[in-house]
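> Okay, here's what each chain looks like letter by letter:
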Amino acid sequence: MSASVISFNNLSKHYGKQAAVKNLNAAIRSGAITGFIGPNGAGKSTALRCLLGLATATSGTALINGAPYSALENPLKVVGAVLDSRGFHAGLTALQNLKVITAAADIPDSRALEVLEIVELSEVAHKRTKGFSLGMKQRLALAAALLGDPQILVLDEPANGLDPIGIAWLRVFLRKLADEGRTILVSSHQLAEMEHTVDDVIIINHGEMVVEGPIKKIVGKGTLEEAFLQLTLKAKAAAK
Amino acid sequence: MNLFKSELRKLIYSRTTYGLLLAAVALASLTAGVLPYVFSKRVGPSGFSTLNQQAVVDAVYGKAAGAYLFAIILGVILMAGEFRQGTAVATFLAAPKRSHVFLAKVAIAAIAGAILQFVAAGIAVIVAHTALGLYPEAVAPSDTAILDTILAAVISGAVLAVVGVAVGTLIRNQMLGTLIAILWLNLVEPIMVLVFPDGAKWWATGAISGILNLHVSVGRNGVTAADYLEPWQASLLLLGYGAVIALVSFATTLRRDID
Ligand SMILES: Nc1ncnc2c1ncn2[C@@H]1O[C@H](COP(=O)(O)OP(=O)(O)OP(=O)(O)O)[C@@H](O)[C@H]1O
Ligand SMILES: [Mg+2]
Chain A
126 MSASVISFNN
136 LSKHYGKQAA
146 VKNLNAAIRS
156 GAITGFIGPN
166 GAGKSTALRC
176 LLGLATATSG
186 TALINGAPYS
196 ALENPLKVVG
206 AVLDSRGFHA
216 GLTALQNLKV
226 ITAAADIPDS
236 RALEVLEIVE
246 LSEVAHKRTK
256 GFSLGMKQRL
266 ALAAALLGDP
276 QILVLDEPAN
286 GLDPIGIAWL
296 RVFLRKLADE
306 GRTILVSSHQ
316 LAEMEHTVDD
326 VIIINHGEMV
336 VEGPIKKIVG
346 KGTLEEAFLQ
356 LTLKAKAAAK
Chain B
16 MNLFKSELRK
26 LIYSRTTYGL
36 LLAAVALASL
46 TAGVLPYVFS
56 KRVGPSGFST
66 LNQQAVVDAV
76 YGKAAGAYLF
86 AIILGVILMA
96 GEFRQGTAVA
106 TFLAAPKRSH
116 VFLAKVAIAA
126 IAGAILQFVA
136 AGIAVIVAHT
146 ALGLYPEAVA
156 PSDTAILDTI
166 LAAVISGAVL
176 AVVGVAVGTL
186 IRNQMLGTLI
196 AILWLNLVEP
206 IMVLVFPDGA
216 KWWATGAISG
226 ILNLHVSVGR
236 NGVTAADYLE
246 PWQASLLLLG
256 YGAVIALVSF
266 ATTLRRDID
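Chains A and B, in that order, are what the protein sequence lines are.
Residue numbers for the first sequence follow the working numbering, beginning at 126 and rising by one.
Residue numbers for the second sequence follow the working numbering, beginning at 16 and rising by one.
Quick caveat, the hints were computed from the structure, so don't treat them as lab data.
Keep in mind that the hints are not guaranteed to be accurate.
[Unchecked claim] Derived pair list, reagent style DSS-like, types lysine-lysine, alpha-carbon separation capped at 27 Å: (1) K20(B) with K202(A); (2) K216(B) with K252(A); (3) K262(A) with K20(B).
[As the list claims (entries may be wrong)] Reference listing, derived: stretches of chain B covered by chain A, where coverage requires no fewer than 3 residues with Cβ under 8 Å from a Cβ of chain A: (4) 26-32; (5) 104-116.
[Unchecked claim] In silico negatives: residues of chain A with every beta carbon more than 10 Å from chain B: (6) S132; (7) N150; (8) G256; (9) I277; (10) I290; (11) I343; (12) K346; (13) K359.
We put the beta carbon where it would ideally sit given N, CA and C, even for glycine.
Same shape as in the complex, but just chain A (with noise of 0.2 Å):
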């Protein structure tokens, strides 16, 4: 069997005594949306963070196409990433935020515009991002994700701070891009707002896995929270 895109293999993460992550393990189906779902605190920017080397696992490994984030060569071509934590120079031009990154993964320059075309930030590209707006920043690091044309995205809330509109764009953004191919991962809390833009969930709570699958199989007749409610407090009573 090849290696999956993206694997958690026993993933833990510990914070002192607290686990934000405990034994997780799953794969990552090759060319769909999975959506990264669990409450507050769940532990998915953890999980994700392990992902892409910016946290060091206690024990397990998270791998993307078989080796770990930092054994890629060009890692912006290969994995396109935005995070909670992310943030832009305040100081410098959204253009310039991104000819930073460019520089970094020898990508062309052209490509920076052409990312804020995609996000529909082309009009303020020689803005100081300092007086962007929550929505704009998260288009901006979406623009940063896609800059070195990866075929897997991992993104973690990307729907923060977008309004009604901006979320329906997402969606049909997200798939447009699945449909091109590529894999993505996405986490989120707001069920609802998933529940209609992925193929595949992986449940989390308290760091652990709850359920992973097709969202169809899962939700069955009911809603992704209905699912979601049940899952838990199952999980809870196995637990005692």
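With chain A's structure known, arrange chain B with the ligands on it following the hints.
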């Protein structure tokens, strides 16, 4: 090479860089412009103002290289600023091998620190020349004084900016890193030198004085220029301190999770 280009862009796009340059020019020019007045009021054994001594005039020019603190701050900001702005995530996503980022920053810091000090000292030398011209008793500097000053400025700028990167790597908090660097050089070390005057040349400030190779015994607390290391020895000593700080940060902060 790519990382170097990226670091260069961060530097030239950011207004902070130009602010630091302006501050360095202002400090060096102010010192070099005011000192002739100070020395003109001091009367030497001959009954004339001390400006008729070549060593004193050389020291005025030497002060043109005195804005090195801004090179350190530049270095600190180069790394710690990434955490302040939140750009560290983007930087280390593009280059997950953190030591490579560190080395690119060291290289760009050396060049930027040298340029910063070159410009500051160059302008301050002109200011010093103009200010000295106001005093007819002022003698000409020694043949090598101006060249020495510019050279010392460039070397100290490069070396101290590199040390600054190491400090900024160890201390991720930009304000704290800058503050510690300033307090260390202006408070902690002067006090230590007061307590242990014999070890003066081994301290960072002593090494900086060694690089600047002050030609005159205006050193504090009876420490004179003759007591300092040679410029090249002092440079190596400072780079050694920078290397130690960097190694400590490699083992600690540079590995830490990036939020
Ligand atoms: N740097 C850190 N130091 C200590 N504890 C942390 C750190 N980062 C996360 N945690 C803890 O780990 C747990 C998981 O946090 P994480 O941010 O991964 O959750 P999340 O699923 O992304 O939540 P949200 O939906 O709120 O973004 C939380 O209890 C959090 O307090
Ligand atoms: Mg999160």
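> Evaluate each hint against the coordinates.
So, going through the hints one by one against the coordinates:
no.	hint	in the structure
1	K20(B) with K202(A)	holds (18 Å)
2	K216(B) with K252(A)	violated (49 Å)
3	K262(A) with K20(B)	holds (24 Å)
4	26-32	holds (count 4)
5	104-116	holds (count 9)
6	S132	holds (18 Å)
7	N150	holds (22 Å)
8	G256	holds (15 Å)
9	I277	holds (13 Å)
10	I290	holds (26 Å)
11	I343	holds (31 Å)
12	K346	holds (40 Å)
13	K359	holds (33 Å)
Of the numbered hints listed earlier, the single one contradicted by the structure is hint 2.
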